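S.K.: Sequence:
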Amino acid sequence: MDTDIWRLGAATLAEAVATGQVTAREVLDAHLERIAAVNPGVNAVTTVMAERAGAAAKAVDERRAAGEPLGPLAGVPFTVKDNIHVEAMATTQGMPALSALVAAEDGPDVRRLCAAGALPVGRTNMPDMGMRGMHTRSSTQGDTVNPWDRTRTPGGTSGGDAVAVASGMAPLALANDWEGSIRVPAVFAGITGLRPSQGRYASDNRLMDREPTLATQLFPVDGPMARSVADLEVLHGLLCGADPRDPRAVPAPVRGPAPPGPLRVGVVADPGGLGVDPRVRAAVEAAAGALQDAGYRVEEVEVPKLEEAVRAYARLMMTEYSLGWEALRPLMPEDGRRFLELSMERNPPVDLAEYVRLTGERSGVQRAWAELLDGCPLLLGPVSTAQPGEPGAESRDAESLEEAMTALRLCSVSTFAGLPAVAVPTGVADGLPQGVQLISRPFREDLCLDAAAAVEERLGTCTPIDPRQ
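Numbering-wise, the sequence shown is residues 19 to 487 according to my numbering.
Be aware that a few hints might be false.
Between beta-carbon pairs, the in silico distance windows are [as the list claims (entries may be wrong)]:
#1 A54 / P296: 38 to 44 Å
#2 R375 / A416: 22 to 28 Å
#3 E359 / A248: 40 to 46 Å
#4 G291 / L119: 40 to 46 Å
#5 G449 / P278: 39 to 45 Å
#6 E51 / G378: 50 to 56 Å
#7 R168 / R81: 41 to 47 Å
#8 D369 / A122: 35 to 41 Å
#9 E80 / T234: 38 to 44 Å
#10 A122 / E80: 24 to 30 Å
#11 D47 / A248: 22 to 28 Å
#12 A68 / G307: 40 to 46 Å
It is worth saying that the hints were derived from the structure and are not from the lab. Computed from a predicted structure; not experimentally measured. The beta-carbon is built from N, C-alpha and C at its ideal position, and this holds for glycine as well.
Put together the whole structure using the sequences plus the hints.
M.R.: In structure tokens form, the structure reads like this:
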């Protein structure tokens, strides 16, 4: 081909494989070479799955040679975060203590991408148990480096996948989002990421066959990352649907009914008026202008029940963390212990009566958002109101933690309400990628994706990139 294979997007690669312009083996080899060239400098991929990916590529090429139909992602590599099960591999979640936790089978979402012909090329770095702050640092694998600026965090907890996709090691990734764990690293790396509605995709977040507790059932969701909205939409279509291994997943249609007339978009650059970096504000304004140019009706709105939602979400989470903290504490590194202890001091665990009351408060937050999104089906705002900071700064002291978590307030409230969101880049300022998120009603990821595509069409993309030294 006339261009480096690793620079191409997923849809382009799948078409090239299907039409015989390139073999799946050649696609895989190009990405393995790219991993070997750049991963030592950024530490995004922790395990290269060359043997399994090679077998999958061979099967794709054999099917094409035999004239058999190929899947929609045949020959396209993807990475998998280290807390998503991959058959015969340890689901370490970044912790040495879990290195013996070998999965008996692929997670439901890994299985779906493999059934579509995609090639699982590598496992990616994440913080210990996802509980070490918003930076991607693992006791087992060390720090993942932001390819745009080594002095800034790549975000977390899906920083390994974001950096792998941004730097050309794979065009696609499977990760997950709690309080922005897909959206933050997507924006910090200059790529796109989708947090789906709770129950939209099937996943398996059991640990050592232990069923997840209530908050872990409600808030974290697996989701995709890519370098373009078009590729993100392909992944979304493949990952939707029910699966008997996940009783939460529902068979909702991939796309909902077309809205009548121009769609209204509510814009909030500074949720709650707590402060926003001028570059972040400019990114929101640029995205709003792009949407207006695309025919959307853009207007400023206020985020409902922001303070109540952020507080209730944090206290529910800290209460559940506290129940297992004595067993987990000896396994965590020093900065991980400090982050969680500071977090529990900031939002102390509550008793049973208050926990039950907070679950009811969530219903009120969801109702307030449903009322907003009924008349204004999309909300445009920042992922983080701050620029990426020093790696691990949020674990330093209470003030640093407060700054970091306050910056993520729109991610916190949308997670608490169970809403879908798409992060999309808007350009580069002062050498760092900027971006926004688009939030909609449950199971209307299609509205988020359509609006994100309009932003991308007008403001462009900024990856893949060669990591900066």
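S.K.: Against this structure, judge whether each hint is valid.
M.R.: Hint by hint, here is what the structure shows:
1. A54 / P296: 38 to 44 Å: 40 Å, holds
2. R375 / A416: 22 to 28 Å: 26 Å, holds
3. E359 / A248: 40 to 46 Å: 43 Å, holds
4. G291 / L119: 40 to 46 Å: Given a distance of about 45 Å, which is inside 40 to 46 Å, the answer is holds.
5. G449 / P278: 39 to 45 Å: 43 Å, holds
6. E51 / G378: 50 to 56 Å: 54 Å, holds
7. R168 / R81: 41 to 47 Å: The hinted range 41 to 47 Å holds for R168 and R81, with Cβ atoms some 42 Å apart.
8. D369 / A122: 35 to 41 Å: At roughly 38 Å between Cβ atoms, A122 and D369 fall inside 35 to 41 Å, so the hint holds.
9. E80 / T234: 38 to 44 Å: Because 41 Å falls inside the window, the suggested range holds.
10. A122 / E80: 24 to 30 Å: 27 Å, holds
11. D47 / A248: 22 to 28 Å: 25 Å, holds
12. A68 / G307: 40 to 46 Å: 45 Å, holds
Checked against the numbered hints above, the structure breaks none of them.
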